[in-house]
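Let the hints inform the model, and build the full structure from the sequences given.
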Amino acid sequence: MSDCTSGNCGTCQPAVLERLGLKTDRWDFVVALAGNPNTGKSTIFNALTGLRQHTGNWPGKTIARAEGGFSFREKQFKLVDLPGTYSLLSASPDEEVARDFILFGKPSVTVVVVDATRLERNLNLVLQVLQITDKVVVCVNLMDEAKAHGLTVDCRGLARDLGVPVVGTAARQEEGIDDLLQAVFAVASGATVCNPYQLKYEVPGLRGAIETLAGMLRRAFPAVKQESWIALRLLEGDARIVDAVKARAL
Amino acid sequence: MKTIEPEQIVETAERLRWQVPHNARDRWVELVYGEAARIAGRNVMQNGESRRLPWERKLDWILTSRWTGIPVMIGLFALVLWITIIGANVPSGLLASLLVDKGYLGLKELAAAAHFPVWLSGLLFDGMYLTTAWVVSVMLPPMAIFFPLFTILEDFGYLPRVAFNLDNLFRKSGAHGKQALTQVMGFGCNAAGVVATRIIDSPRERLIAIITNNFSLCNGRWPTQILIATVFLGSLVPPVLAGVTAAGAVLAVALLGMGLTFLTAWLLTGTVLKGEASTFSLELPPYRPPRILRTLYTSLIDRTLIVLWRAIVFALPAGVAIWLVSNVTVGGVTIAHHLIDGLNPVGVLLGLNGVILLAYIIAIPANEIVVPTILMLTVLSTGMTGVGEQGTGVMFETDDGSLLKLLATGGWTTLTAVCLMLFSLCHNPCSTTIYTIWKETKSVKWTTLATLLPIGFGVLLCGAVAAVWRAVQ
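Chain order of the listed sequences is A and B. Counting in the working numbering, the first sequence runs from 3 upward without gaps. Counting in the working numbering, the second sequence runs from 1212 upward without gaps.
These aren't lab readings, by the way, just hints derived from the structure by calculation. Since no wrong hints were added, every one of them can be taken at face value.
In silico lysine to aspartate or glutamate, EDC-like type, Cα no more than 20 Å apart, as pairs: (1) A/Lys227 with A/Asp102; (2) A/Lys202 with B/Glu1246; (3) A/Lys248 with B/Glu1222; (4) A/Lys248 with B/Glu1225; (5) A/Lys248 with B/Glu1216; (6) A/Lys227 with B/Glu1216; (7) A/Lys202 with B/Glu1241; (8) A/Lys149 with B/Glu1267.
Structure follows, in structure tokens:
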């Protein structure tokens, strides 16, 4: 790749981002942006779409989901900015919006934006997202802040541990956005196949119940991949999931 | 293998739910946390001392400690207001002389040269153009200073600290601590603040947040506050102290709004919205160096121009309305005179006057045009004439000194100014906000309450202030 300078030789196509703003009438791929509050999701959203969604340094700024578009390597992407959440397990409206979109919206790629300076807490959400979908790119944002704090984040090590592409960015300085686009494109087009690290439900008393339900789900819905997670939601009495199962809308 | 019906799965889940130990979910969450900690520990290295943490801690200590947090907060808002008032004076005068004095005269001459009928040139230039020019010259400079300053504070990460400082007060009044954030949003725009209450899970606390959001002075009302405070209260003291006095007065009104928020929340909690405040965890995000240029750009585009555009869109038809009521006569007297005379007794009782009340009626679509409407109506009702044949509904002098003279001729006193500032804080939300409240609550009852409650407070406050003021004099 590095020897090639013309950009037309076929091994690396010209990778030019074209920001499409609100033009999302037709698209090839849907990309969801998830992440903890205040990790810079809206900044990344703006960098990719050219939109100027208001950004602010406080949690809970994006309440509904915002949509925008961009084009990369002749493919149209629709980008959906989900509300910032710490987990996907509770019943609060913002977590419901994020959870439902990842599960029912079936995005081609889910980009989980994490704060490089607070990686431990942010990885909780990543692990939960990996339970629901395998097409994930982790974007370790605020790398500049991490540097200022004297922290080094090993993105390759993270990618190995999580089984999905991991890209470091400093979105406020527009650093790493190209790498992020390449990773998103690769996962969306199938060039990169993820092998997500999925936690087993190794809790006594819970595992058996989940296995029973998952087995039934596999037989009723052979196409569904995240049957264990759906089983967990059913055990928790998540009304949306119960309705979806009843309506065969999985 | 026989197929499985979805209902069977749901039934099985309901049966199994009772066999799962009650702490299973917590155990699962612990598992996730433990795994996250393990992966993070393997891939994050701390090399050397952090360059950020010590000063961040010190700053957080100053900005959020029990003793210094709230005084620093009030001081910062006062500083922002003072810079706005001092800075907006000169450009406001320049814009007014350009748009109102020169631009208006030029347009009138053009109209005369093109032999426009009197009514057409009146409607177009005395009505639409002049009101719009007024809105631009009165509103643009303060907004172009206030919003960027506010956005820089926001970008820096100060807003969550404000929420942290106010959390205790909100909890004590029975509201949700996150309401601090939605109230601060309301300082920009109440409609946006009402939408932002979605971050509050509990429906009870969300309703409180929606109903009280109007007590945050929105950007349509900041210019009114700033202008009236500068013109009237600033002129009461020596020129050196004028800026500080005006800023102090505006700050006092803003703080009164916060006080009313707590009072209303407490009243609602004790009566129609009984309940306990729920707890939540608030993360104080790290400080980030604000990107000054980007902030200037986005706050100019996102806030200043959008708000200004909205004001202009509403000012155009309002200009027509003003021109019509001041030029169409019924029984030899203009409609405006009838209305002003009718409203005047009520207005005087509230320390205001008929002109102000009529202006609030004409300006229901948008708070932004209240002051220009008042000025136009004052010119009309005092019979002051500008240049031109019809004279009514037209004014030219705009710098602060002559504005004071103009309003004094209209019967304004310091009491009028004080009551107008209070009424501007406490009156019904603008039409956009009312619509937003209805959309968010889907309830006529709560929308009506949110609309009428502030007017109730406004009438009580203004009436009381006027009564006490007159008794003392």
